[in-house]
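There are 2 protein chains.
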Amino acid sequence: MKVLSIIAEYNPFHYGHLYHLNEAKKSVNPDITVCILASNFLQRGEPSIVDKWSRTKMALHAGIDLVIELPVAFSCRSAFYYATGAVTSLVKSGVVTHLSFGTEANNLLQLQKIAQVINNEDALYKSVLHDFLGAGFSYPKARILTLEKVLDLKNDDLRELDNPNNILALAYLQVLDILKNDITPVGILRKGDYHSLDPNHGFASASAIRKLIKNNDPNWKNHVPSFTREILENDFKDGKGPLFLDNLEQNIIAIIRRTNPLELQKIIEINEGLENRIYQSAQKHSSIKELLTELKTKRYTYTKIQRSLTHIYLNYEKSLDLKEPKYLRILGFNSKGQSLLKHMKSSSELPLINRFSNAFKIVDSTGKKILDLEARASDLYSLALPNPNQRYGKQDYYNSPIKYLI
Amino acid sequence: MKVLSIIAEYNPFHYGHLYHLNEAKKSVNPDITVCILASNFLQRGEPSIVDKWSRTKMALHAGIDLVIELPVAFSCRSAFYYATGAVTSLVKSGVVTHLSFGTEANNLLQLQKIAQVINNEDALYKSVLHDFLGAGFSYPKARILTLEKVLDLKNDDLRELDNPNNILALAYLQVLDILKNDITPVGILRKGDYHSLDPNHGFASASAIRKLIKNNDPNWKNHVPSFTREILENDFKDGKGPLFLDNLEQNIIAIIRRTNPLELQKIIEINEGLENRIYQSAQKHSSIKELLTELKTKRYTYTKIQRSLTHIYLNYEKSLDLKEPKYLRILGFNSKGQSLLKHMKSSSELPLINRFSNAFKIVDSTGKKILDLEARASDLYSLALPNPNQRYGKQDYYNSPIKYLI
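Taken in order, these protein sequences are the chains called A and B. FYI, in the numbering used here the residues of the first sequence are 1 to 406. FYI, in the numbering used here the residues of the second sequence are 1 to 406.
Please note that the accuracy of each hint is not assured.
[What the hints assert, rightly or not] Cβ-Cβ distance ranges computed for the label pairs, FRET-style:
#: 1; chain 1: B; residue 1: GLN280; chain 2: A; residue 2: THR293; range: 30 to 40 Å
#: 2; chain 1: B; residue 1: ASP372; chain 2: A; residue 2: SER319; range: 22 to 32 Å
#: 3; chain 1: A; residue 1: ASP246; chain 2: B; residue 2: LYS113; range: 56 to 66 Å
[What the hints assert, rightly or not] Each computed BS3-like pair below joins lysine-lysine, with the alpha-carbon atoms no more than 30 Å apart:
#: 4; chain 1: A; residue 1: LYS284; chain 2: B; residue 2: LYS237
#: 5; chain 1: B; residue 1: LYS296; chain 2: B; residue 2: LYS141
#: 6; chain 1: A; residue 1: LYS298; chain 2: B; residue 2: LYS394
#: 7; chain 1: B; residue 1: LYS289; chain 2: A; residue 2: LYS237
#: 8; chain 1: A; residue 1: LYS369; chain 2: A; residue 2: LYS403
#: 9; chain 1: B; residue 1: LYS26; chain 2: B; residue 2: LYS336
[As the list claims (entries may be wrong)] Now the stretches of chain B that chain A is said to cover, found in silico as 3 or more residues with beta-carbon under 8 Å:
#: 10; region: 255 to 268
#: 11; region: 285 to 293
#: 12; region: 308 to 320
#: 13; region: 377 to 391
Just so you know, these hints were derived from the structure itself, not from any lab. Using N, Cα and C, we set each Cβ at its ideal position, and we do this for glycine too.
Model the full assembly from the supplied sequences, consistent with the hints where possible.
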């Protein structure tokens with residue numbers, strides 16, 4: 001049985017995603033397709049525009065058979081931890097045979113080689129990387145400069161390696177390499193300039209679409225399939241979205257203004273004085289935009305700072321030490337997905353979670369921490385939804401997996 | 001020299017306050033009048049409708065000569081600690097001769113007697129009070145029942161002793177008794193039903209006026225002197241107010257949703273399982289109103305719960321252990337006030353603070369904690385002001401004392 005998997009945020013699901021899904025299916029010809037879907041806070045440190053349940057519906061509409069949650073413990077982390085969470089879920093499910101992701105198809109082998117080189121980092125590699133980081137470069141940029149300097153890689157191989165999608169692709173390949181498994185990576189050539197909104201230049205990116213939505217520009221509807229449009233329109237009508245990081249800014253800044261920098265240092269990924277810079281900045285400024293403008297440096301990208309602000313909001317502490325998933329939570333399925341689930345009951349190394357309220361009984365102590373963080377993130381997500389009646393908590397407990405059964 | 005003092009919130013200053021000030025002046029015939037003005041968060045656990053600087057202007061306009069800050073460490077505490085902060089400031093200023101407060105003029109001696117009885121609490125008193133508290137009564141109510149049961153006080157003496165103003169009057173008398181000093185208490189008969197808005201029933205209360213403002217009812221303007229109206233209208237025009245607890249609700253509930261109940265227990269006045277009840281309630285509900293409705297009991301009054309929510313917002317920890325003021329911060333003065341300030345330079349037991357930025361150098365370690373909490377409270381106050389451009393922090397550093405010099 002061929003089981004194709006995709007790791008996605010679908011924030012929101014657009015024509016580019018549909019193209020990727022269909023190309024991957026053409027390439028693999030799978031019996032079934034699984035998606036690991038990011039929870040309510042995403043890799044770039046932002047809340048999703050609509051919640052994971054609505055994005056699950058989009059995935060199922062698009063033809064994904066089974067949707068599994070990437071817990072917020074991993075969905076809102078830097079690329080390597082994001083990839084670790086997602087790829088480990090796929091490997092431990094015991095059923096996945098292929099993993100498809102967007103990249104430059106021609107360079108998949110090159111990317112695999114680079115991933116192996118990074119994984120087997122030797123003393124020289126480490127030392128040079130350390131120097132570039134010390135010089136103030138961001139991690140992705142420092143890594144490119146290191147590879148260029150110490151390894152037998154041509155500049156051409158490193159092309160666009162600090163593009164967010166390539167960073168993720170590389171991380172998936174790294175984790176596949178580390179976990180020693182049989183999953184076949186399937187690179188799908190990305191088509192056109194994702195940041196353009198001109199149909200002649202390929203698909204509009206999710207961020208371009210979100211920008212239109214934020215600006216109340218109805219033109220967003222032209223860049224998504226009709227099911228996405230309907231799901232979003234319904235959510236917006238009910239005030240269940242759209243949600244942007246800006247909607248959380250007062251909550252986040254209130255938290256920083258009341259928190260000692262020593263406490264901020266306990267938050268994951270916050271180190272080396274960033275806690276003081278964030279604290280000082282929030283004492284003066286009152287918007288995320290002002291904070292990002294002040295805190296952005298060569299070393300700390302907007303994404304890195306956004307993620308830190310979101311980690312503070314979620315109170316995601318280093319001490320939680322959440323290294324890999326401890327359960328597979330089902331967000332939705334169709335009939336084919338249901339049959340795969342039956343299979344997974346025996347194949348999966350991780351417990352399957354259908355009902356959140358039962359989950360705490362069947363996971364280990366680390367799993368409980370992942371669940372706690374998940375519930376907290378959902379409580380903190382709903383709190384800033386446009387409609388006050390949608391701001392109730394415990395939504396993880398109230399929602400069952402979405403079923404698209406014929 | 002006769003120095004009359006008043007302890008006030010002026011939230012906002014209204015005709016009742018003016019009546020009180022003028023009656024007190026008639027009664028004492030002072031050379032000068034001083035006000036201890038509550039900071040930006042008040043005794044009932046709410047932010048003030050406009051900030052302490054605007055309320056200082058009201059006091060100066062009304063004819064107060066010198067305005068001294070009651071730090072938020074005391075202004076947002078239960079009656080006894082509020083009174084301790086304010087009365088200690090007056091006593092340690094070394095200049096105050098009279099303290100006037102609203103009460104039933106006829107019962108000032110009775111109130112003094114009750115205050116002494118409470119201060120000299122004997123074993124029986126303590127034991128009976130403990131029993132009533134254990135039975136679930138609020139502290140003020142339990143105290144009345146205790147006095148009624150064990151002391152030689154007629155029910156008539158205890159009349160309205162759980163009215164917020166009488167609770168404060170009693171607390172002032174308690175602290176005056178404890179501090180053994182020469183300040184003469186001056187009770188001014190409160191006039192009419194403060195909760196009515198009918199001019200025939202006396203003055204509108206500050207809470208009635210705030211309610212009109214909250215409901216956008218322009219009728220509030222009829223219940224305040226013209227200077228109050230102008231100050232408020234200017235602030236509202238600039239988006240520097242009005243501020244209500246509801247404006248902070250998302251910030252507060254976000255903080256509770258992300259905070260472990262064990263951490264909530266570190267907050268002042270939160271004990272005996274209240275931390276769990278608050279945590280559970282905030283996980284479900286998304287408004288202060290819903291929280292108050294769920295958490296209110298015979299024992300925990302709305303005021304008590306509001307104060308706890310505000311203490312959580314301010315991160316006011318028990319461990320700060322702030323028992324009495326350690327400085328006198330000047331909020332404003334006129335020429336007479338300025339001359340009194342010169343006198344206070346030699347008479348005051350506490351350092352006088354004119355500039356916040358210099359303050360940290362001239363206070364002791366507890367004083368620094370009081371200042372830290374004050375700055376944090378101001379940063380957290382401004383964050384929810386209607387106009388985003390008013391939400392900047394560090395306003396304590398930017399504002400100098402208000403001067404009304406001729």
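Results of checking the hints against the structure:
1. GLN280(B) / THR293(A): 30 to 40 Å: holds (39 Å)
2. ASP372(B) / SER319(A): 22 to 32 Å: Cβ of ASP372(B) to Cβ of SER319(A): about 26 Å, so the range 22 to 32 Å holds.
3. ASP246(A) / LYS113(B): 56 to 66 Å: Holds, since ASP246(A) and LYS113(B) (Cβ atoms, about 59 Å apart) stay within the stated range.
4. LYS284(A) / LYS237(B): holds (23 Å)
5. LYS296(B) / LYS141(B): Roughly 15 Å between the alpha carbons, so the hint for LYS296(B) and LYS141(B) holds.
6. LYS298(A) / LYS394(B): holds (28 Å)
7. LYS289(B) / LYS237(A): holds (25 Å)
8. LYS369(A) / LYS403(A): holds (27 Å)
9. LYS26(B) / LYS336(B): Holds. LYS26(B) to LYS336(B) sits at ~18 Å (cutoff 30 Å).
10. 255 to 268: holds (count 4)
11. 285 to 293: holds (count 3)
12. 308 to 320: It holds, with 3 qualifying residues against the three required.
13. 377 to 391: holds (count 7)
When the structure is compared with the earlier hints, no violation turns up for any of them.
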